[in-house]
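Q: Chains as they are written, first to last, in my numbering: chain B, 1 to 116; chain D, 1 to 114.
Simulated DEER-style distance windows between Cβ atoms:
1) D:P18 - B:Q64: 42 to 52 Å
2) B:E1 - D:V83: 22 to 32 Å
3) D:N55 - B:Q41: 27 to 37 Å
4) B:P70 - D:N55: 41 to 51 Å
5) D:G16 - B:R80: 45 to 55 Å
6) D:S3 - B:D63: 21 to 31 Å
7) D:N68 - B:G72: 40 to 50 Å
8) D:K77 - B:E1: 25 to 35 Å
9) D:R42 - B:P70: 18 to 28 Å
10) B:Q41 - D:S80: 26 to 36 Å
11) D:P7 - B:Q64: 31 to 41 Å
12) D:P18 - B:L39: 27 to 37 Å
Hints are computed from structural coordinates only; laboratory data are not their basis.
It should be emphasised that the depicted structure is a prediction, and the values quoted were computed from it without experimental measurement.
Beta carbons are placed, not taken as given, at the ideal position from N, Cα and C, and that holds for glycine.
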Amino acid sequence: EPEVTQTPSHQVTQMGQEVILRCVPISNHLYFYWYRQILGQKVEFLVSFYNNEISEKSEIFDDQFSVERPDGSNFTLKIRSTKLEDSAMYFCASSELSGANTGELFFGEGSRLTVL
Amino acid sequence: AQSVAQPEDQVNVAEGNPLTVKCTYSVSGNPYLFWYVQYPNRGLQFLLKYITGDNLVKGSYGFEAEFNKSQTSFHLKKPSALVSDSALYFCAVGDSNSGYALNFGKGTSLLVTP
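Looking at chain D on its own, in the form it has when it is part of the complex (with noise of 0.2 Å):
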């Protein structure tokens, strides 16, 4: 069975600062990991995805996310925050042994101050 969570609700930085929204997971077989976000009225949108190869992934909007094996995180990160990258985050997981659905966090608001 798959899971997935994020453990924080919101997530606050000041802009300029480095920023992590925080996600571990739960699969059976390899684990294939996601994440959107979703802007104000929009839908979510994807950000980066890790499936095999380098451990650290790059991603759109200067994003980046580390999968590591041994504590099942892939959280998110960015070296310096801005605040139009105010947001709500969410991280997925799916798996080798699943079929079309991804497992999806409840989500963490991030809010970047001026």
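Chain B with its partners taken away, still in its complex shape (with noise of 0.2 Å):
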């Protein structure tokens, strides 16, 4: 069964190093999200991105996140300069259809940001 595949599985970094968070969707999605979880919080929307673009993103993902899709398979979300307030598990995700409306996400595994 196709899944979507995340790595690091886990990262740990010093605030203020760049971190880049690798993603591989599901071949024939078109639509690819950013989620994070902050420990005992929520799943929060950061961005979705279709068409080699950003469609929509939350007011957490500010300047210091950016989001590329290098090689027509990777789907990689950078944050800049980590704070520790980054320290989340980040859920990268894709869909066939906008998955707001009638479709579904596949989410990856996660992978564990720890800024220290």
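Hints given; two lone chains; assemble the complex.
A: Here is the structure:
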């Protein structure tokens, strides 16, 4: 069964360092998303990506965040200068249709980011 | 604006008994409602959705959910719980006025005991 894969599963970094989280969405999916979950809190939407551009982003997704689909298979989330409050589980997801309409999202297992 | 609430952090049920995991929502347009499940060390998995049509929606693993417009609820139910149902359950909402973002609840931990 096709699945979304994420790497690394866990990354520890120092505050102020750049981090790149990688995702390989399901191959025939067209929409890609990043969500995050701070420990004990709700899953929060960060950004959606379609046709090689951001289609929607939340207030969380400020200038220190960026996304890229560099080679047609990977989908990356970059945090330019990490802060302590960026510590969270980051989930990548993909869908055939808009997940907010009639589609369903397929999630990866998550990348846990710990900022020290 | 959208919001979704899961009022229970944890639900405990004995195996074989019916289970209910509660979810209420608030949206500006027509709601699109989803339930996802997360097993330990796994990503979120889609269970079921309500977009339109019958208020009772059936999904994976014997789960169902009932859309109640007047109470703005979308409770997840299963007639007979299994120990293997123990997991974290997330309700999510989108609406006809929103774009691509789903708004998730904080999750409810379901523990089914033998």
